[in-house]
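Peer 1: Chain by chain, the residues:
Protein chains: 2
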Amino acid sequence: MSLLVVGSVALDSVETPFGKAHDVLGGSATFFAASASLLSRVQVVGVVGDGYPMDALKPLERRGVDFAGLERAKGSSFRWRGRYRHDLNFAETLETHLGVFSNFHPKIPPQFRSASFVFLGNIDPRLQLDVLTQVDKPRLVACDTMNFWIESRRPDLVKLLGHVDAITLNDSEARQLTDCANLIKAAKWIMERGPSLVIIKKGEHGAFMFTPESVFFAPAFPLEEVFDPTGAGDSFAGGFMGYLARAGDISDANLRRAVIYGSAMGSFAVEKFSIDRLLEVDAPQLLARVAEFRSLVAFEEEMPA
Amino acid sequence: MSLLVVGSVALDSVETPFGKAHDVLGGSATFFAASASLLSRVQVVGVVGDGYPMDALKPLERRGVDFAGLERAKGSSFRWRGRYRHDLNFAETLETHLGVFSNFHPKIPPQFRSASFVFLGNIDPRLQLDVLTQVDKPRLVACDTMNFWIESRRPDLVKLLGHVDAITLNDSEARQLTDCANLIKAAKWIMERGPSLVIIKKGEHGAFMFTPESVFFAPAFPLEEVFDPTGAGDSFAGGFMGYLARAGDISDANLRRAVIYGSAMGSFAVEKFSIDRLLEVDAPQLLARVAEFRSLVAFEEEMPA
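If you're matching them up, the sequences are chains A and B in order. This note's numbering applies: residue 1 is where the first sequence begins, and numbers increase by one. This note's numbering applies: residue 1 is where the second sequence begins, and numbers increase by one.
Possibly wrong hints are sitting among the right ones.
Note: identical chains are not told apart, hence a pair may lie in one copy or across any two.
What the hints assert, rightly or not - Within a straight-line C-alpha distance of at most 25 Å, the following computed DSS-like cross-link-like pairs (lysine-lysine) qualify: (1) LYS137 - LYS159; (2) LYS159 - LYS74; (3) LYS202 - LYS185; (4) LYS74 - LYS107; (5) LYS272 - LYS188; (6) LYS185 - LYS20.
If you're looking for bench data, these hints aren't it; they were derived computationally from the structure.
Okay, chain A solo, but in the shape it has when bound:
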């Protein structure tokens, strides 16, 4: 089934304890598409400046990503420059240059409007709401957000919650949005305002998926080397939504699997800079990692007499 993502397509410059990368592919829609395209066709809506290296997107097109909704505007592309030090859970933003992204008004091409699955990447919640007026009746709409919007656009963000089925956010954002330190309470607070699916990401500590009926937990995959954490969250979302779009099934059993596929794609994303590792991964590698996830948490109940 068709999967639409609206978000940023950017150029990242990243410094980690293991190396540096300059002006490499980045942005929420890029990571999302690179991840999801292993599982499903993906439609991208975003904006880049007229100097964006369009050729660099070719490998994504070959994986079935449709950039018909990627606008090219006069001006410079969105650039992010960041650094990770010892604690790879925290990105230090050195520079953000919005460029053409500051005037981004998503326009959904007619052929994308019937998308069954929609992911609203981390952009202004007013734009996320506007996207929803441009699509038909998607089966599942998920959104992401960040502390900046929680602080500056809280009423719009709360309004958005009433119009989405699912939200992904990290633990500190969940606490900030809901003013609940406890994540179960935070998830309930959010579910009361609309989404029936709340995914709270805890970085290296895994992710919770809350629904009104159940709680599911997926650990982060234990890696000896986390090379560059940039894009892990969007790669998670891409794996999650890509799996759902491929299966066309949003039963609890399938949502749980989708969280694991998302976690697996997130674990690949951090093994190299940019989307490099995501582009290498094939289905057998993905299945092997999902099997490793299973072995990581598998146990049989049984109480000896």
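Fit chain B to the given chain A structure using the hints.
Peer 2: Using the frame of chain A, we list chain B on its own:
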């Protein structure tokens, strides 16, 4: 099979955002015994002052805890006073009064020396080593430790590693001991020095069990209210060792189950002050929580076409 614990038997005064408790039962051996005794008979070796409220230990005796190794010495009992604020992961120690514990030299009673499972609670590694000269050939010896011993008794602690089968420690202690930020590398560092089983506890973020062959992860049970985290680690160890002693089986499948039983007992421990909740829990409640752990992480692999 018999299970021996050597550790502190103390009086705790604790302040949390939810209430206060004064001079209640505490100490590593106490939490361990309260937890393990639901699954196995437990033998305790420790020391208390002559004013210790021995009657308060009666409920543990009724659960099959044998205090024949609990010495009563002239002087005051070990007292700890601590506070938890908003972040329940961190205890702020307000006062530590070692009392008779500062001269503790564990003496294992003859009838305890054949114990099959031995847990060396968090005491001076020189004393932990000494205990091992007093027991016959246990099937499995596990130890705990803390930052204080890592800093002040590192050579003895590293020597101890060569004489134990398993160690439990928290993530910051594992990093401090090994100087590896990555927990997989930290576990390998430790395994190279002796233990074939390394359990790294991450508090509210769950626990890893590393063996040379596999990695197992157990989440912490998501609770809406964590009332008092004191003793969670020792209750985890009690559930883990209690399960192993009950089963008399240290296969990988059983070790995984033991980690879950430990996590379940740890999750009960934090629901009330002191060992109060541990003394209430019965086998059906424990089994129900283990089933909830299973549901928390359960997923079926399957990749749609």
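Peer 1: Quick check: which numbered hints come out false for this structure?
Peer 2: 2
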